[in-house]
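Kindly generate the complete structure, drawing on both the sequences and the hints.
From first to last, the protein sequence lines are chains A and B. No gaps in the numbering here: position 413 of the first sequence is 412 in numbering that gives the first Met the number 0, and each next residue is one more. No gaps in the numbering here: position 367 of the second sequence is 366 in numbering that gives the first Met the number 0, and each next residue is one more.
Honestly, I wouldn't trust all of these hints.
Said to hold, decoys possible - One-sided and incomplete, this derived list gives chain A residues near chain B with beta-carbon spacing under 8 Å:
1) Asn-311
2) Leu-313
3) Trp-315
4) Gln-316
5) Ile-377
Said to hold, decoys possible - Quick list of in silico lysine-lysine cross-link-like pairs, DSS-like style, CA-CA up to 30 Å:
6) A:Lys-320 x B:Lys-253
7) A:Lys-170 x A:Lys-273
8) B:Lys-170 x B:Lys-198
9) A:Lys-320 x B:Lys-403
10) B:Lys-410 x B:Lys-170
11) B:Lys-170 x A:Lys-355
12) B:Lys-410 x A:Lys-320
13) A:Lys-64 x A:Lys-355
Hints listed in this document are in silico derivations from the structure and should not be mistaken for laboratory results. Note that the structure is predicted; figures quoted are calculated from it, not measured. By construction, the Cβ of each residue, glycine as well, lies at the ideal position given by its N, Cα and C atoms.
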Amino acid sequence: MRTICLYFQIHQPFRFRRYRFFDIGGEHYYYDDYMNESILRKVADKCYLPANAVMLDLINKYEGKFKIAFSISGTAIDQFELYAPEVIESFRKLAKTGCVEFLSETYSHSLASLSNREEFEKQVAKHKEKIIELFEVEPTVFRNTELIYSDEIGSMVADMGYKAMITEGAKHVLGWKSPNFLYFNALNPKLKVLLKNFKLSDDIAFRFSNKAWSEYPLTAEKFVSWIKAIDKNEETVNLFMDYETFGERQKKETGIFEFLKAFPAMVFKNTKFKFSTPSEVVQSLQPVAAVHVPHAISWADEERDLTAWLGNELQWQAFGKLYELQEKVKQANDPKLQKDFEYFQVSDHFYYMSTKFFSDGEVHSYYNPYDSPYEAFINYMNVLSDFEIRLNSILSKDCSVEVQRLSKLLQEKEQLIIKYADQLNKDDDYRRPPTKKTVKKTKSVGVSAEKSIKKSPAGKIVEKANTAAEKPKKIGLQERLIRKNKF
Amino acid sequence: MKVLMFGWEFPPHISGGLGTASYGLTKGMSKIPGMQIKFVVPKAYGDEDQSRMRIVGANDIEINKKLINYESFLNEIEYIQINSKIVPYTDPDEYYTAVKEANEEGRSFIYTNFRGKLPFTGKYGADLYHEIANYAVVASELAEEGDFDVIHAHDWLTFPAGIAAKRVSGKPLVIHVHATDFDRSGGSVNPAVFDIEMKGMRIADKIVAVSNLTRNTIIEKYGIAPDKVVTVHNAVEPLEEAEKLILKRNVNDKIVTFLGRVTLQKGPEYFVEAAYKVLQKMDNVRFVMAGSGELLNRMIIRAASLRIADKFHFTGFLKGDDVYRMFSVSDVYVMPSVSEPFGISPLEAMQSNVPVIISHQSGVSEVLQYAMKVDFWDIDAMADAIYGLLNYSALSDMFKAHGKEEVENMKWENSALKVNEVYQSVVK
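Written as C-alpha cells, this is what we have:
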C-alpha cells in the first residue's frame, strides 16, 4: 500500500522590541507584545482557524481515512494561550478525531541540538509534557527545528526514545536516491527517518500562486497526477510544509483552501494512495537503507543547510554568546530568567541576522521586524547584555550570602584569636613576646580580606568567589601558625 | 564619441565631492575606446593631470570679440547678485581668503583682464553668478568650433554653459546632477539657483542623477519626466598604497568620526546628540568632528553644554592626507546627512577598513550592503549602531572583512559605461 504523509509546522517566535543599548541595565522587558499579538491574531484568523476547520471537515468527511501530522512549537503554544486560546481548542478537536499526530520538538524551536545536549533534552522534555497536557497523546516521532538533521542529532534523538524523525530530502544528501522511501539513521538503525519530497512540497508551499511558474495554476487534479506518476516501487510521498502555507503565505484568494479540500478527494478517486501519519508510515513500511548525513541539513533556502541561522560572523557570535550563558542560567535557577533564556533561543532571532541578501531575501523578510541583519544582531546583543547583567546580579546575591557566611566565620575565628592571644598574654607574658606581633598581623589580614570582598565590583562573581574562597584558607593557615606557636 | 564636458574643479585643486566625482567619471570614460573628452574647467592651474584628457582653462580663451554676446547671455540667464553667500563645496576659511584676495587685487569678476582673458577664481563666492555667466560666454566660444557630438555639464554651476553650447552648436546636452539646491539648503531653496537648475533640466536631452534619491528629487521637485532621468551611481578611486597613511594612536579609547562640512545638509547636530547618548554608557570612547562650516560654533557650544567636551573633539577642516590619517585611527565613521545625493566619503572610510554608519537619506545607501543604515533624525538608532559597532566585535569585523571588497567592486569604469549609454541614446 502506498501512502501520502502530510505534516505541517506551526511556529511563532516572541519577537523583540527595539531594545537600545541605553536600556541595558535599566529595562528588563524585551518583547514587542503589540507586534507579537497582532501578527498572531492575523495568522490565526487567516490560517490556523480556517485551515483547522477545513482539516476537521475533511477528517469527518472521509471517516478517518484522511490523516495529518502537526508540530507546534512551545512558543507558538504560549502565544495561542496568550492571544488566541480558541486556536488551541480547534487543535484539541482535531486531536480527538484520532487522525492527527502531534510531533515532538524543542519547546522554543531552538538550535540547541547543534550546541548543547543537556539544554536540548530539557527543551524536548518540556515540549513533550506540554503536548501531553494539551492533547493527551504522547509524541513518538521527532521533528527538529526547521527539519535540522544530522547523523549525530538522529542518534541523540534515538537515545531519547523516539522511533522516528523527519527531515529534508536534500538533494546533496540523497544524490540519486529517492525521498519516497523510509530510511534509517546511519549511527543508530533503530531510528527511522522520513524524508521530505521537496519538489512536490514546495510546489504547494512556494509555487502555488506564482503566475510566472509554467505549471500555474496548480489544480488538485494536476497535483495528484504527479503523485500518481511516481514510480510504482516508491512507497511514501512525504509532503512537509509550514502550516502558514494555507491562507497566509498562499492567500485565501489564490484558492489554496479549495485546493486543500479537493486534494484528498482526487487522491481517493484517481489513485490507490492512502494517507498516513508519520508513526503509521514507520510501522507499516520497511526501511530500505541508511541515510548518511555527516553535516547538518535543514529545509531552509537553496542550500538546505544551516547557513540561514549560522552562516555568518554575526550569527556565530550571537549564538556563541547565548550558550555561554547557559551555565549561569542553570545556576541562577530563576523561572523568569529561564523563560527569557528559552525565548532567546528561538531560531528566528538568528534567521533575522542572515546576510544572504539576494538569494533568499524574500523568505527572510517574512514578518521580519528588522530593516537589516545588523540591526537584528545589535538588538539581540543588547538584550543578551542586559540578560547577563541580571544573571550576574542574581548570582552575586547568592554569592553575597556566601560572603556573609564566610565573613561571619572570619569574625568568630578572629574573636577566638583575640581570646587566645589574651590568654597567651596573661599566661606567659614573659615567655613569648613575639606572639603579640603575630596576632596583630593576623588581625590586619582578616580585616583586609573583608574589605577586599566589599570593594570588588558587583557582577564579577568569579573573582568574588575566588576571593571568598581564598581568604579563609589563608586565615586557616595563620590560625594554625598561632596554634603552633601556642603549643 | 567626442564630448565637450563642463566641470568646475579638477585635481589637484579639489575642494569637494563634485570635483572628485567629475574627475573619476572622466577618468573612467577615458578608458572607453573612441571616447574623446574636452573637459572645460575654469582657472586651469596648469599642473592638472593632463595624461588622460585635454584640459582647456576657460581663462585661456580670448574673449574680446565676445563682449557684445556677453551682455545678451547675461540677460538670458538672469544675472543676479546674491546676498546669501552660499558655499557649496569649499570651507569658509578658503572661501574668505579667495574673496579677500580678489578684492585686494581690485579685480572685478565682470571685467576681463588686460590680456582680454576672463579671470576665474575657480572658487564659488559672492560673485558666483558673474562667473557662471562668464563661463557661458566661453562655452559658446568653444561650441562654435563644433568639434564634438555631445555636451556634458556637471551641476548647476555649469548648466548655463551647457545650454549656451547647445544653442550655438545644436548638439545634444546631457546634464549631470550631483546635488540639487534642495539638498544643499535643507529645503529652503535659493530661487535663483532653482531657476538655473530648472532651466538646465528642461533644456537637457537627458539627465544623469547620481542616485535614485536625487532622481526622485528631480522628478518630484522639478517636475521632470521620469524617462528623461537616468541614475548612474558614483564610484570611488582605488586607494593607492602611498595613500595608506597610518597615524599612531595615542589614546586607548575608541574613536568615532564625523568628517565633512559642518552644515545643515550634513546633520552634524545628530552626531553630537548620538555621541552624548553613547557617552552615558561608555567611557572609553572619543568623538571627533572633522570639518568646518557655518554650524561649527553651534556644535562646539552644544558639546560643551552637554558636558561632553572632554570626549568630543573638533579638528577643523582636514585636507588630503589628513583625511586618511583620520580614518586610520577611526573605529567608526558616521555620516548622518540630512540629504546626501550620493556621499563618497563613506566609501573612502571603508577603503581604510573603517565600519560606517550612513543615513537612509543618502544616495550611497542605495549601493552599500556592508554598512549600518539609519534615519538621520533617529538619534537612538544612530547611538545604538555606534554602540553596537564598538562593543560587538563580530559586526565591525564583518564590515571590515567585506566592506573593503564591496567598495573595490564599485568602479568608475562601470559608471562611465552607463554614461556612455546615455550619450548613445541622445546622439542621432
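Handout entry: chain B contact restraint on Leu-313 (chain A) - CB to CB distance below 8 Å
Key = holds (5 Å)
Practice task
Assess, step by step, whether the Cα of Lys-170 (chain A) is no farther than 30 Å from the Cα of Lys-273 (chain A), and give holds or violated.
Solution key: holds (26 Å)
Problem - Given pair status - Lys-170 (chain B), Lys-410 (chain B), alpha carbons within 30 Å - result: holds (29 Å)
Problem - Lys-170 (chain B) paired with Lys-355 (chain A) [C-alpha distance capped at 30 Å] - result: Between Lys-170 (chain B) and Lys-355 (chain A) the Cα gap is close to 46 Å, so the pair fails against 30 Å, i.e. violated.
Problem - Hint status (Cβ of Trp-315 (chain A) to nearest Cβ of chain B, threshold 8 Å) - result: Cβ of Trp-315 (chain A) sits 7 Å from chain B, so the hint holds.
Handout entry: Cut-off 8 Å, beta-carbon criterion: hint that Asn-311 (chain A) touches chain B
Key = Status holds, d = 7 Å.
Practice task
Could you check if Ile-377 (chain A) really has its C-beta closer than 8 Å to a C-beta on chain B?
Solution key: Holds: closest Cβ of chain B sits about 3 Å from Ile-377 (chain A), inside 8 Å.
Handout entry: Agreement of Lys-64 (chain A) and Lys-355 (chain A) with the hint, judged by alpha carbon distance not exceeding 30 Å
Key = Violated. Lys-64 (chain A) to Lys-355 (chain A) sits at ~42 Å, over the 30 Å cutoff.
Practice task
Answer holds if the nearest beta-carbon of chain B is closer than 8 Å to that of Gln-316 (chain A); otherwise answer violated.
Solution key: Holds. Min distance 3 Å.
Handout entry: Restraint check for Lys-320 (chain A) with Lys-403 (chain B), where alpha carbons must lie at most 30 Å apart
Key = holds (27 Å)
Handout entry: Lys-410 (chain B) paired with Lys-320 (chain A) [C-alpha distance capped at 30 Å]
Key = Given that 30 Å is the threshold and the Cα spacing comes to 38 Å, the pair is violated.
Handout entry: Proposed proximity, Lys-198 (chain B) with Lys-170 (chain B) (alpha carbon, max 30 Å)
Key = holds (17 Å)
Against the hints set out earlier in the document, violations occur for numbers 11, 12, 13.
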